[in-house]
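A.B. asks: So you can see what is in the structure, the chains are spelled out below.
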Amino acid sequence: MGRTTINVYRNLMGSNEKWAERVRRLLGDNGLVMINMIGSPGSGKTTLLEASVNALRERVAFAVLEGDVATLNDAERLHRLGVRVSQLLTDGGCHLQARMVYRALEDLPLEHLDLVIVENVGNLVCPAQFDIGETAKVAVLSVTEGEDKPAKYPMLFREARVVALTKCDLVPHLPFRMDVCLEQIRRINASLPVLQVSALTGDGVGAWIGWLAGLVAEAGKSPPQPACG
Amino acid sequence: MHELAVCQELVAAILSEMRRPDFAGAHLRSVRVRVGVLRQIEHESLRFAYEVLTQDTPAAGSALEIVTAPVSVRCRVCGWSGEIHDRIFACPACGAGDVEVTGGGEVILESLELECNGPDDH
Numbered sequence: 001m002g003r004t005t006i007n008v009y010r011n012l013m014g015s016n017e018k019w020a021e022r023v024r025r026l027l028g029d030n031g032l033v034m035i036n037m038i039g040s041p042g043s044g045k046t047t048l049l050e051a052s053v054n055a056l057r058e059r060v061a062f063a064v065l066e067g068d069v070a071t072l073n074d075a076e077r078l079h080r081l082g083v084r085v086s087q088l089l090t091d092g093g094c095h096l097q098a099r100m101v102y103r104a105l106e107d108l109p110l111e112h113l114d115l116v117i118v119e120n121v122g123n124l125v126c127p128a129q130f131d132i133g134e135t136a137k138v139a140v141l142s143v144t145e146g147e148d149k150p151a152k153y154p155m156l157f158r159e160a161r162v163v164a165l166t167k168c169d170l171v172p173h174l175p176f177r178m179d180v181c182l183e184q185i186r187r188i189n190a191s192l193p194v195l196q197v198s199a200l201t202g203d204g205v206g207a208w209i210g211w212l213a214g215l216v217a218e219a220g221k222s223p224p225q226p227a228c229g
Numbered sequence: 001m002h003e004l005a006v007c008q009e010l011v012a013a014i015l016s017e018m019r020r021p022d023f024a025g026a027h028l029r030s031v032r033v034r035v036g037v038l039r040q041i042e043h044e045s046l047r048f049a050y051e052v053l054t055q056d057t058p059a060a061g062s063a064l065e066i067v068t069a070p071v072s073v074r075c076r077v078c079g080w081s082g083e084i085h086d087r088i089f090a091c092p093a094c095g096a097g098d099v100e101v102t103g104g105g106e107v108i109l110e111s112l113e114l115e116c117n118g119p120d121d122h
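Keeping their order, the protein sequence lines are chains A and B.
Position one of the first sequence corresponds to residue 1 (our numbering), numbered consecutively onward.
Position one of the second sequence corresponds to residue 1 (our numbering), numbered consecutively onward.
In isolation and in its complexed conformation, chain A is listed as follows (with noise of 0.2 Å):
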């Protein structure tokens, strides 16, 4: 009897990240841009897309995939908003992976599309360790949440490209500390953009809408109308 040691080296992320390629693909082919909102359960994710679409839609063509454990209520409070939005139920699972990400997509009508927006699964983890070959990931953090947050799920903070920092109307009521949280996320990472919303009053949501245009436009496909407000 003998021992052998085999060496490997092999990545376990790289099922996912040839998924992830395909996606990535399939978006550059039809000149598409996807961003992946990532955010806990309850940060206000459903809530500040239902306070874009009328604006957003006028500037962008975008289908929405919501990601949830269970139940149709994020995708059917879009569908009352005649948001063109398919439902990805991953049945206890925390996180979208790839690959249903791109079954998905072949359902979407995508010549006629600017903008896909993915709603991931409510979870601070787990959906920021699969790429799913998002344009770009957006960090959703609602002030109710404690300043601490960006500190303790570094991974998001790092790979995101904005912060849509939600229920900014309710800082007045509470212990949160705005120069905290942003120097938190500062340290994690330096040039990451935070936009101060509220869904609720409606402050900042402009911006919000701005910044995924210009996303668009960056991808060269619609190129956005001048800014107005």
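Please note that the accuracy of each hint is not assured.
As the list claims (entries may be wrong) - Straight-line C-alpha distance at most 20 Å; calculated EDC-like pairs for lysine to aspartate or glutamate:
(1) A:Lys152 <-> B:Glu83
(2) A:Lys152 <-> A:Glu183
(3) A:Lys18 <-> B:Glu106
(4) A:Lys18 <-> B:Glu9
(5) A:Lys152 <-> B:Glu106
Everything labelled a hint here was simulated from the structure, so no lab data went into it.
Based on the hints, put chain B in the right spot on chain A.
C.D. replies: Frame of chain A; chain B shown alone:
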């Protein structure tokens, strides 16, 4: 809970290695994986998933060794490179925040330790 998804990949990778002809008749003793701290993989969850997913496979009963890889960065301003430990993504040398993460995000099956039957056993 992403440990389960990662472990599915791990077990599939191990079993595909073990199907290679030169592994015939060998018994898998242990497996070594390298996990970057940015992956936020809980070791006990990964071990539990490993035990469950290897049941009734040729990898059943093998030990799982988990090696933690620290976060390493390279400073785009002064060129410093090395490990950081306090989750402040800034260059320890010059303080710049413009750092590239060069390690800590990996999840790698590094090696398999096999017990082989020598020619005398046949």
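A.B. asks: Determine for every hint whether it applies to the structure shown.
C.D. replies: Consistency of the hints with the structure:
no., hint, in the structure
1, A:Lys152 <-> B:Glu83, "19 Å, holds"
2, A:Lys152 <-> A:Glu183, "14 Å, holds"
3, A:Lys18 <-> B:Glu106, "16 Å, holds"
4, A:Lys18 <-> B:Glu9, "13 Å, holds"
5, A:Lys152 <-> B:Glu106, "19 Å, holds"
Going through the hint list in order, the structure satisfies each hint without exception.
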